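Trainee: Here the protein sequences come in this chain order: F and X.
Anchor point for the first sequence: position 130 equals 129 in numbering that gives the first Met the number 0, and the numbering is continuous, going up by one each time.
Anchor point for the second sequence: position 37 equals 36 in numbering that gives the first Met the number 0, and the numbering is continuous, going up by one each time.
Keep in mind that the hints were calculated from the coordinates and are not lab data.
Every value quoted in this text rests on a predicted model; they were computed, and no experiment measured them.
Backbone N, C-alpha and C define an ideal beta-carbon position, used for all residues, glycine too.
Errors might be hidden in some of the hints.
[Said to hold, decoys possible] EDC-like cross-link-like pairs, simulated, lysine to aspartate or glutamate; straight-line CA separation at most 16 Å:
1. Lys-74(F) to Glu-55(X)
2. Lys-74(F) to Asp-57(F)
3. Lys-59(F) to Glu-79(X)
[What the hints assert, rightly or not] Just the calculated beta-carbon pair ranges, DEER-fashion:
4. Leu-85(X) to Pro-122(F): 38 to 44 Å
5. Ile-62(X) to Pro-122(F): 23 to 29 Å
6. Met-0(X) to Glu-120(F): 44 to 50 Å
7. Ser-306(X) to Asp-86(F): 55 to 61 Å
8. Glu-120(F) to Gly-61(X): 49 to 55 Å
9. Glu-120(F) to Ser-326(X): 25 to 31 Å
10. Ile-96(F) to Glu-271(X): 57 to 63 Å
11. Asp-86(F) to Arg-228(X): 25 to 31 Å
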Amino acid sequence: MKGMKKELITLRVNNEDYEIFTYPNKTLLEVLREDLMLTGTKEGCSEGACGTCTVLMDGKPIRSCLMLAVEAQGKDITTIEGLSEDDELHPIQKNFIEQGAIQCGFCTPGMILTAKALLDENPRPTEDDIKVAISGNVCRCTGYAKIVKAIKESSK
Amino acid sequence: MRLPSFNYLEPITLTDALNLMEEYHGRAQPLAGGTELLPRMKLGLTHPTYLMSLKEIHELKGIKSNKNELYIGGMTSLREIFLSTLLQQKFLAISEAAGSVAAPPLRNMGTIAGNLCQDTRCFFYNQSYFWRRGLKPCFKAGGNVCYAVPGSKKCFSVYQGDLAPALIAFNAKVRIEKKGSSRIIPIEELFSGKGEKPIVIADDELLTQVIVPIPEGIYGSSYRKFRLRNALDYPLVSAAAFLAIDSEKKVKSVKVVLGAAGPAPVIVKEAEDILKGKKVEESAINEIAEAAYKRAQMVDNLGLPASYRKKMVRVFTKRAIENAFNSIK
Ligand SMILES: Cc1cc2nc3c(=O)[nH]c(=O)nc-3n(C[C@H](O)[C@H](O)[C@H](O)COP(=O)(O)OP(=O)(O)OC[C@H]3O[C@@H](n4cnc5c(N)ncnc54)[C@H](O)[C@@H]3O)c2cc1C
Ligand code: SF4
Ligand code: FES
Ligand code: FES
Numbered sequence: 000m001k002g003m004k005k006e007l008i009t010l011r012v013n014n015e016d017y018e019i020f021t022y023p024n025k026t027l028l029e030v031l032r033e034d035l036m037l038t039g040t041k042e043g044c045s046e047g048a049c050g051t052c053t054v055l056m057d058g059k060p061i062r063s064c065l066m067l068a069v070e071a072q073g074k075d076i077t078t079i080e081g082l083s084e085d086d087e088l089h090p091i092q093k094n095f096i097e098q099g100a101i102q103c104g105f106c107t108p109g110m111i112l113t114a115k116a117l118l119d120e121n122p123r124p125t126e127d128d129i130k131v132a133i134s135g136n137v138c139r140c141t142g143y144a145k146i147v148k149a150i151k152e153s154s155k
Numbered sequence: 000m001r002l003p004s005f006n007y008l009e010p011i012t013l014t015d016a017l018n019l020m021e022e023y024h025g026r027a028q029p030l031a032g033g034t035e036l037l038p039r040m041k042l043g044l045t046h047p048t049y050l051m052s053l054k055e056i057h058e059l060k061g062i063k064s065n066k067n068e069l070y071i072g073g074m075t076s077l078r079e080i081f082l083s084t085l086l087q088q089k090f091l092a093i094s095e096a097a098g099s100v101a102a103p104p105l106r107n108m109g110t111i112a113g114n115l116c117q118d119t120r121c122f123f124y125n126q127s128y129f130w131r132r133g134l135k136p137c138f139k140a141g142g143n144v145c146y147a148v149p150g151s152k153k154c155f156s157v158y159q160g161d162l163a164p165a166l167i168a169f170n171a172k173v174r175i176e177k178k179g180s181s182r183i184i185p186i187e188e189l190f191s192g193k194g195e196k197p198i199v200i201a202d203d204e205l206l207t208q209v210i211v212p213i214p215e216g217i218y219g220s221s222y223r224k225f226r227l228r229n230a231l232d233y234p235l236v237s238a239a240a241f242l243a244i245d246s247e248k249k250v251k252s253v254k255v256v257l258g259a260a261g262p263a264p265v266i267v268k269e270a271e272d273i274l275k276g277k278k279v280e281e282s283a284i285n286e287i288a289e290a291a292y293k294r295a296q297m298v299d300n301l302g303l304p305a306s307y308r309k310k311m312v313r314v315f316t317k318r319a320i321e322n323a324f325n326s327i328k
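Make a model of the complete structure from these sequences and hints.
Mentor: What follows is the structure, encoded as structure tokens:
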């Protein structure tokens, strides 16, 4: 459109503030991947149906492909890059590796962030709680049994 | 997939929002959770000039109640509606409907106003620009053919919103506001029944609140939804039932509403005549299910054949009524 103007927006991602000069029609997903180079967040379907673009916004999982970057200002955003500390992986990440809950890895960032939000809210989830929590995240290769197991292990 | 261009507006009060809607002569499209509108924009089905985010308007969020009525702000998230103990206790069908939408992350984002005002859907319409490019536009896209029902003169796209049937079962209303005025209408009047343009709300109006009367006496409710996967999928058929009984377990009032059975929610008007004053028995439930089956209007434009979906109307109507009855404590 003629006249669509770039805006300076401020995003708080993984406890750091970023200033980005961007268009209002950029999704949070696009800005994370293309401006901040945080490519751990994946683009699968781009229409809300797969969960690979999941990030945490104020601790809750959301679809970054359906959120405008301008709308994400003033919120705390956590991406998969924000989970490890220095070179130490987060316990959920370690459990995904140990349980073989990763094959191609495309769904993994979304699965792990969804799991983190669940465990922060409910440290002792039942297997059904876990299944409901990850019901919006599609995995096309590992299957869900090992993913559920990895999350279960992380709740101990 | 990229979003088309638009200009972005972000009012922080309802008054500002209504002013902007007037100022831009209906060209400012409300953006609530974005989970229905943004996919349609990415597919090139709609191109708003201005998008007006309602996310910062805090006065539109939250659930309140008094002795007679429940009030749900238009920007209240489906997660909050699903988890509300008040709703789980007194408005079970509404809570169940909210909890059945899409999947948890989409319920964190999606709102009740956005859910009600969502567009109808059709396999031949909700496709990418690339896919649609091979065909002339159908009625819904402004053309004059229908691919679902060749030769027909109208659009049969399906209203698949989950909240509306449950809210109608409770005789809920919505408050619609524009600059300088406000009106309240029963939710069923939000729907035109036309697939081409299913929602009757003017370009300069906002749906600001849902109002649900609190039923008196002994009652139960339920929402049952048929879909292939238990998450992410829109309903292929759904049924909401409300049932109030007296101390002798005779039915005082009953309301059964179908979802995904046409371009608008379908009220099974026969239910009241069939059950009122009687006990809830299988034969009466079957009779209502039959009436529901006859009312459902289905064509081959969703994930499963119309004939199969139509048969499922009976099954899910029965389940909704039985569950509503069993939920009475
Ligand atoms: C993978 C996937 C699965 C889904 N499954 C389901 C499902 O099972 N059931 C279901 O019902 N929905 C489903 N949806 C659709 C959507 O997520 C929900 O309907 C959601 O509640 C829409 O709310 P929203 O706030 O995101 O709406 P938005 O996308 O923000 O808006 C939807 C429409 O309503 C209009 N609007 C929003 N607020 C107002 C207002 N206050 N006044 C006037 N107009 C307004 C917008 O302009 C737009 O036209 C699904 C979506 C996805 C991506
Ligand atoms: S029912 Fe027909 S007119 Fe309506 S969207 Fe589908 S193909 Fe188009
Ligand atoms: S890329 Fe966002 S849900 Fe698939
Ligand atoms: S590991 Fe490949 S999609 Fe899940």
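Trainee: If you check each hint against the structure, which ones fail?
Mentor: Of the numbered hints given earlier, those the structure breaks are 4, 6, 8, 11, listed in rising order.
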